[in-house]
Structure formats: C-alpha cells, structure tokens
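Protein sequence lines, in the order shown, are assigned to chains A and B.
Numbering of the first sequence is given in the working numbering, commencing with residue 1 and proceeding in unit increments.
Numbering of the second sequence is given in the working numbering, commencing with residue 1 and proceeding in unit increments.
Read the hints as simulated data drawn from the structure, not as lab findings.
Ideal Cβ positions, reconstructed from N, Cα and C, are used throughout, including at glycine.
Possibly wrong hints are sitting among the right ones.
As the list claims (entries may be wrong) - Examples of chain B residues toward chain A, derived with CB under 10 Å: (1) V4; (2) P8; (3) P106.
To be verified - In the BS3-like style, the derived pairs of lysine-lysine whose C-alpha atoms are separated by at most 27 Å in a straight line are: (4) A/K59 to A/K78; (5) A/K69 to A/K42; (6) B/K9 to A/K69; (7) A/K42 to B/K9; (8) A/K59 to A/K69; (9) A/K69 to A/K57; (10) A/K59 to A/K42; (11) A/K78 to A/K42; (12) A/K42 to B/K57.
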Amino acid sequence: ILNVEQSPQSLHVQEGDSTNFTCSFPSSNFYALHWYRWETAKSPEALFVMTLNGDEKKKGRISATLNTKEGYSYLYIKGSQPEDSATYLCAFTGNQFYFGTGTSLTVIP
Amino acid sequence: DSGVTQTPKHLITATGQRVTLRCSPRSGDLSVYWYQQSLDQGLQFLIQYYNGEERAKGNILERFSAQQFPDLHSELNLSSLELGDSALYFCASSGGPTDYEQYFGPGTRLTVT
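Excised from the complex, chain A in its bound form (with noise of 0.2 Å):
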C-alpha cells in the first residue's frame, strides 16, 4: 500500500490570512497530481492535475505546484475567505489512485 500525506491534517485561519498545505507521495511510478476541494455532504471538486515536475497551476486565489523528484506538492490559498471553509485533498496517480487523508480548513470570519 503506497502512501501519500497531507499535512496539517486541519487549520484553522483567519478570513483574509493566507495559507497552504502540503501532500507528500512517492517519487517513483508517478503519472499525476489532483488536488481536489471537498465540502461537507458535496462530492470532490476537482480543482488541478499536475504532471510535469515544477508544474504551477492557479485558479483565482488558489494556487498549486508539484516536485516530483522530491515527491510532494503544495497547495496556496491566498486571501481565505470563509467559502474556502473545505477538506483540500490530493490524489497520486500511479499504477492506481490514492488519496491523502486530506487537510480541513476552516477559515474563521
């Protein structure tokens, strides 16, 4: 079983701070990078794919990049506001897919 960590596993911010997590993988056999936004009682949302080491990919106020050769990915949010409030997982595509346990975000008013 292939591990992949994110980390913190929950933050609580400020509206307005900025933030970012992390998801670590393994190096080798690597295809992707999803990062995915996740709301209580919603489905994922995708939010980018990553393949190329060094990849940066940004959606408004959020914002993504990827190391393969050291094996992890970060995720910015910049500004949070309290509609960022979500569990941020990633996935690593390899042979198969597997989640992280996710990061929950609560950004405070």
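Given the structure of chain A, go ahead and fit chain B onto it with the hints provided.
Positioned in the frame of chain A, the structure of chain B alone reads:
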C-alpha cells in the same frame, strides 16, 4: 452539478444480498472510476474503466465487480454484502485515461443491515 449521475441515491439492504449501483458519466467522458468512502476511512479507489475496458484496479474485493457498457455508463455490483460494506460509493468520470480532471457524481449511500 458535475454532470455525472448516480442511482440510486440511497440503498438499504440486508447482509448476504446483492446490489447494483449505476453511474452515467459526463457527456463525452470515456473514463469511469469507482471509489468507496467508509465511515472511518478516506476515499479508496476501487476500479477504473476506459472506453469499455478495465484500466486500473485498486482495493476491490472479489465480491465486487464492475463493467462499463457500450453507451459508457457503468455499473458496480456488490454481492454477499456484509455490514462493513456500508459506505458512500462515488463514481467519477474524466475525458481521458490518467491525467485528466475527474468529475465526481453525488454518490450512492449504501447501508447494509
């Protein structure tokens, strides 16, 4: 709305029974994925189909099977159900086999009593 539909939304059945979960992918998507989310676990990948063929297999029990039909909808069959099979089962679809964004359906909540 992701465009992925799953039926039924909820299913309650007894141990030992067999059920079928159905998934219709987004229009044009060729890949379908099945995931299980149990109460005390994160998302677990079960199986992927791409254009009718099995593409990748995860931690899918032998009591479970799936297929993707020519119209690209997929069914997940769960048999000899046990209490531990109670979970939320998600289907997702994507346009390609591996490095495409996956769009998740609303899930089927299975309760085995």
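Against the structure, the hints:
1. For the restraint placing B/V4 at the interface with chain A, the shortest Cβ-Cβ distance is roughly 8 Å, inside the 10 Å limit, so the hint holds.
2. Given hint, B/P8 at the interface with chain A, is violated; its Cβ is 16 Å from that chain's nearest Cβ, farther than 10 Å.
3. For B/P106, the suggested interface contact is upheld, since its CB lies about 6 Å from the closest CB of chain A, less than 10 Å.
4. Restraint check for A/K59 and A/K78: satisfied, since their Cα atoms lie roughly 11 Å apart, inside the 27 Å limit.
5. Annotation: proposed proximity of A/K69 to A/K42 is violated, straight-line Cα distance about 33 Å (limit 27 Å).
6. The suggested pairing of B/K9 with A/K69 is violated, with an alpha-carbon distance near 41 Å, which exceeds 27 Å.
7. Restraint check for A/K42 and B/K9: satisfied, since their Cα atoms lie roughly 13 Å apart, inside the 27 Å limit.
8. Between A/K59 and A/K69 the CA atoms are separated by roughly 24 Å; this keeps the pair inside 27 Å, and the hint holds.
9. Between the alpha carbons of A/K69 and A/K57 the distance comes to roughly 18 Å, so the proposed pair stays at or under 27 Å and holds.
10. Under the criterion of a C-alpha separation no larger than 27 Å, the hint pairing A/K59 with A/K42 is consistent with the structure, at around 20 Å.
11. Restraint check: the Cα-Cα separation between A/K78 and A/K42 comes to about 23 Å, which is no more than 27 Å; the hinted pair holds.
12. With a C-alpha separation of about 25 Å, the suggested pair A/K42 and B/K57 falls inside the 27 Å cut-off, and the hint holds.
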